[in-house]
Amino acid sequence: MKLLVALLSGLLFGLGLSLGGMTQPAVVLNFLDVFGAWDPRLAFVMASAVLTTAFGYLLVLRRARPLLEESFKLHTVNHFDWRLIGGAALFGIGWGIAGYCPGPALASLSGGGASLLLLVACMVAGWWLASRLTSGQA
Amino acid sequence: MHPWLLATLGGVLIGGAAVLLMACLGRIAGISGIAAALIRPGLCDRSWRLAFVLGLLAAPMLLWLLRGDSGIGQPMVAPPWMALAGVLVGFGTGLGSGCTSGHGVCGIARLSRRSLLATGVFLACGVGTVYVVRHLLGGL
Chain B
1 MKLLVALLSG
11 LLFGLGLSLG
21 GMTQPAVVLN
31 FLDVFGAWDP
41 RLAFVMASAV
51 LTTAFGYLLV
61 LRRARPLLEE
71 SFKLHTVNHF
81 DWRLIGGAAL
91 FGIGWGIAGY
101 CPGPALASLS
111 GGGASLLLLV
121 ACMVAGWWLA
131 SRLTSGQA
Chain Z
1 MHPWLLATLG
11 GVLIGGAAVL
21 LMACLGRIAG
31 ISGIAAALIR
41 PGLCDRSWRL
51 AFVLGLLAAP
61 MLLWLLRGDS
71 GIGQPMVAPP
81 WMALAGVLVG
91 FGTGLGSGCT
101 SGHGVCGIAR
111 LSRRSLLATG
121 VFLACGVGTV
131 YVVRHLLGGL
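Here the protein sequences line up with chains B and Z, keeping their order.
Residue 91 in this note's numbering sits at position 91 of the first sequence, and the numbers go up by one each step.
Residue 138 in this note's numbering sits at position 138 of the second sequence, and the numbers go up by one each step.
Just so you know, not all the hints are guaranteed correct.
[To be verified] Cβ-Cβ distance ranges computed for the label pairs, FRET-style:
(1) Z/40 <-> B/76: 15 to 23 Å
(2) B/79 <-> Z/47: 28 to 36 Å
(3) Z/124 <-> B/79: 17 to 25 Å
(4) Z/3 <-> B/77: 32 to 40 Å
(5) Z/136 <-> B/71: 44 to 52 Å
[Said to hold, decoys possible] Footprint (simulated), chain Z over chain B, 3 or more residues, beta carbon under 8 Å:
(6) 20-34
(7) 72-83
(8) 93-107
(9) 110-118
Hints in this document: simulated from the structure, not taken from any laboratory.
This one's a predicted model, so the numbers in the text were calculated from it and none came from an experiment.
For each residue, glycine too, the CB sits at the ideal point set by N, CA and C.
Please model the entire structure based on the sequences and the hints provided.
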């Protein structure tokens with residue numbers, strides 16, 4: 001049951017990304033090109049996703065626990081540090097170079113060709129590097 | 001359907017996916033967090049993460065079956081730039097504990113100050129990078 005829910009959630013997420021144009025790096029890069037050929041689609045995707053999630057979370061988090069698990073796994077850290085800011089900055093630069101954030105990169109694997117496979121392999125290597133660097137510090 | 005309407009509908013589906021995951025498994029639908037943990041040694045809850053990623057991968061194929069168009073676009077830059085972008089995106093989201101979904105959607109929906117700041121920073125750096133690449137360097 002848990003696996004089915006996770007599969008369905010991933011499927012819905014991927015459908016949302018594809019329908020919203022987020023699996024087209026041209027659309028994403030044009031969104032980031034606010035001084036040029038601006039395409040607002042990502043803003044529509046993000047705004048409606050945030051509103052839907054905020055409304056849903058309000059209802060869901062009122063419960064004592066999730067339906068299929070013992071507890072909600074929420075981050076409670078609330079301070080800023082160099083890892084958060086530096087990480088977000090590096091991610092933004094990478095995002096601006098190729099137009100892929102992690103979700104669309106994974107979702108595009110079936111049709112993005114060898115070049116996208118290279119990006120995903122390097123992204124996984126980046127995750128590995130980051131976990132090596134931060135293990136023991138967290 | 002107008003692309004902006006489709007984008008709004010896409011956002012609702014993404015939000016629905018995030019709410020479903022929180023309601024049933026109590027988890028944040030952050031792609032980098034879900035996927036990056038798959039390669040961490042000694043972790044025991046791999047199976048739901050794998051199922052989520054499989055669903056994500058299957059979605060464009062399902063769209064292709066239904067509409068004849070998977071929605072997947074082709075890469076815009078040459079392989080060496082794809083490789084560099086991949087390392088930066090992976091390392092950056094690993095270090096900053098989140099990407100567009102974890103910070104940008106789920107975190108902001110919870111009004112997390114960390115996520116608001118992270119989202120501001122990666123949006124600004126993304127916009128800045130595209131500005132430098134397109135308007136100062138004339139493309140990659």
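Status of each hint after checking the structure:
no.: 1; hint: Z/40 <-> B/76: 15 to 23 Å; result: 20 Å, holds
no.: 2; hint: B/79 <-> Z/47: 28 to 36 Å; result: 33 Å, holds
no.: 3; hint: Z/124 <-> B/79: 17 to 25 Å; result: 21 Å, holds
no.: 4; hint: Z/3 <-> B/77: 32 to 40 Å; result: 37 Å, holds
no.: 5; hint: Z/136 <-> B/71: 44 to 52 Å; result: 49 Å, holds
no.: 6; hint: 20-34; result: holds (count 12)
no.: 7; hint: 72-83; result: holds (count 9)
no.: 8; hint: 93-107; result: holds (count 14)
no.: 9; hint: 110-118; result: holds (count 8)
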